[in-house]
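Peer 1: Each chain, written out:
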Amino acid sequence: MSCDADGHCVTCSDEGVPMRVVATNAEGLAVCAGGVEVMTDLVGDVEPGDELLVHAGVALARLGGREADG
Amino acid sequence: MKYVDEYRDAELGRALAAEIVATVEPGRHYKVMEVCGGHTHTIYKYGVDDLLPANVELVHGPGCPVCVIPMGRVDDGVAVAHEEGVIFTCFGDMMRVPGGDGTLLEAKAEGADIRMVYSPLDALRIARENPDREVVFFAVGFETTAPSTALTLMRAKAEGVRNFSVFCNHVTIVPPLRALLESPDLRLDGFIGPGHVSTVVGARPFEFIPADYGKPVVISGFEPLDLLQSVYMVLRQLADGRCEVENQYKRVVPYDGNPQALAVLAEVFELRPHFEWRGLGFISHSGLKLSEAYRDFDSELRFAVPGVRVADPKACQCGEVLKGVIKPWECKVFGTACTPERPIGTCMVSSEGACAAYYNYGRFARERVVV
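If you're matching them up, the sequences are chains A and B in order. The first sequence begins at 1 in the numbering used here and counts up one residue at a time. The second sequence begins at 1 in the numbering used here and counts up one residue at a time.
Don't take each hint at face value.
[What the hints assert, rightly or not] Calculated from the model, a selection of chain B residues having no Cβ within reach of chain A, i.e. all distances over 12 Å:
#1 D122
#2 P131
#3 P175
#4 V197
#5 S291
[As the list claims (entries may be wrong)] Listed next, with one range per pair, are the computed distances between beta-carbon atoms:
#6 A:R20 to B:R14: 29 to 37 Å
#7 A:A26 to B:A315: 34 to 42 Å
#8 A:G34 to B:E182: 26 to 34 Å
#9 B:R14 to A:D45: 18 to 26 Å
#10 B:P313 to A:R20: 40 to 48 Å
#11 A:A26 to B:R162: 51 to 59 Å
#12 A:N25 to B:E84: 32 to 40 Å
#13 B:A158 to A:D45: 14 to 22 Å
#14 A:G34 to B:D256: 26 to 34 Å
#15 A:A26 to B:A263: 20 to 28 Å
It is worth saying that the hints were derived from the structure and are not from the lab. Note that CB positions come from ideal geometry on N, CA and C, so glycine has one too.
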């Protein structure tokens, strides 16, 4: 009933997962590796190759390799 | 994998552990609370606590969203799930949380249509595909998860999906921390702040901890090196006589959070006057319900939710575990009457729960070096 082999549910644990955008679809969702569909309303427009921090189907932040406060 | 591997380097970990040993004051016992259940999971999975001197104790906080759900809310969910025509959806771990009258998994076995989803968007999709059924999403989680529910509701409203509603159990992180800090039996030296909640709310909301209670806070990432560095930063503040909010997780957490996320939360939710927490009792302004603009999507208005109140089982000491007063293995039923297969308390359900993490990874009290 859990979400990974460790019995660890990343959704329930308030944990974000790094994911890479593969495409966008007609619903306005980003499709990430593994076919996971992600809402990107909180991070603006995304393109294939962008890295996102995803939690419960929402991108909470971009993983741009720079510090969030610049 | 990028953003992961570089934060799991064993050599760097040992170097950080040596820095920690060099920073602690001999003979002083330090208690540092990691607020977030995801941190608890990382600590046990990677044995982070084994790298710390014995006088640096990690205390596991109330940040596991499954662990803080009171039994009565589970019973309410089960009651809605049994309603005619309902498809009840929830995250995986919620299926095994015991209410006063069984779990959602048991209700499913009895015939209720209960389905596990990975996100509220999945629940909305089920609603679109089943227009003649009522689809309910059991929403749990802190400010990390609440934006997902909010954005899903905004989509449902924009699309005019009428057969979708949310049984809202979202909670906020600051009120329980304040309640813990007011607790007379708690003695903590500092906090490791929740990284992904802070992605949404920022680091600023935690400033009350140093300002009002004189304790350092370090917002931390979730990889083992993140946690080791955050422990070091808390100890460094204590050694320097400083007390402030520091952000170890700058690669993801902006100090002021995500303004778009805060805006959608403000539109879709409003604070409840009070909300019950497992083991902690009622805490003012700690829970969210749907705002007036989204009342048509509120399961508690759409269905006859019984509003069950159930006292925590007497044998269960989840409250003391959540407050860090006792360690999981000090609970009378730990590993005997209460196991992950048959949990009594919520801390044994989710692998982020302190009890389940101890149980699964075998972190019993052990000999460590005292500095």
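Peer 1: Does 34 to 42 Å hold as the CB distance between A:A26 and B:A315, or does it fail?
Peer 2: violated, 53 Å
Peer 1: Do A:A26 and B:A263 keep their Cβ atoms within the hinted range of 20 to 28 Å?
Peer 2: holds, 25 Å
Peer 1: CB of A:R20 to CB of B:R14, is that within 29 to 37 Å?
Peer 2: Since the Cβ atoms of A:R20 and B:R14 sit about 31 Å apart, the hinted range of 29 to 37 Å holds.
Peer 1: Using Cβ atoms and 12 Å as the threshold, tell me whether B:P175 really stays out of contact range of chain A.
Peer 2: The assertion about B:P175 holds, with a minimum of 16 Å to chain A.
Peer 1: Minimum Cβ separation between B:V197 and chain A greater than 12 Å?
Peer 2: At about 6 Å from chain A, B:V197 fails to clear the 12 Å cut-off, so the statement is violated.
Peer 1: For the pair A:N25 and B:E84, does the Cβ-Cβ distance stay inside 32 to 40 Å?
Peer 2: holds, 35 Å
Peer 1: B:S291 clear of chain A by more than 12 Å, beta carbon to beta carbon?
Peer 2: Its Cβ never comes within 12 Å of chain A, the nearest being 18 Å, so this holds.
Peer 1: Honestly, do B:P313 and A:R20 meet the 40 to 48 Å range at C-beta?
Peer 2: Hint holds: Cβ distance 45 Å, inside 40 to 48 Å.
Peer 1: CB of A:G34 to CB of B:D256, is that within 26 to 34 Å?
Peer 2: Once the Cβ atoms are compared, 32 Å apart, the range 26 to 34 Å for B:D256 and A:G34 holds.
Peer 1: Verify this label for me: B:P131 is non-interface relative to chain A, using a Cβ-Cβ cutoff of 12 Å.
Peer 2: Holds: least Cβ distance 18 Å, greater than 12 Å.
Peer 1: Is 26 to 34 Å respected by the C-beta to C-beta distance linking A:G34 and B:E182?
Peer 2: violated, 44 Å
Peer 1: Given a hint of 51 to 59 Å, does the C-beta separation of A:A26 and B:R162 actually sit inside it?
Peer 2: At roughly 23 Å between Cβ atoms, B:R162 and A:A26 fall outside 51 to 59 Å, so the hint is violated.
Figure legend: structure checked against the earlier numbered hints; hints not met, in rising order: 1, 4, 7, 8, 9, 11.
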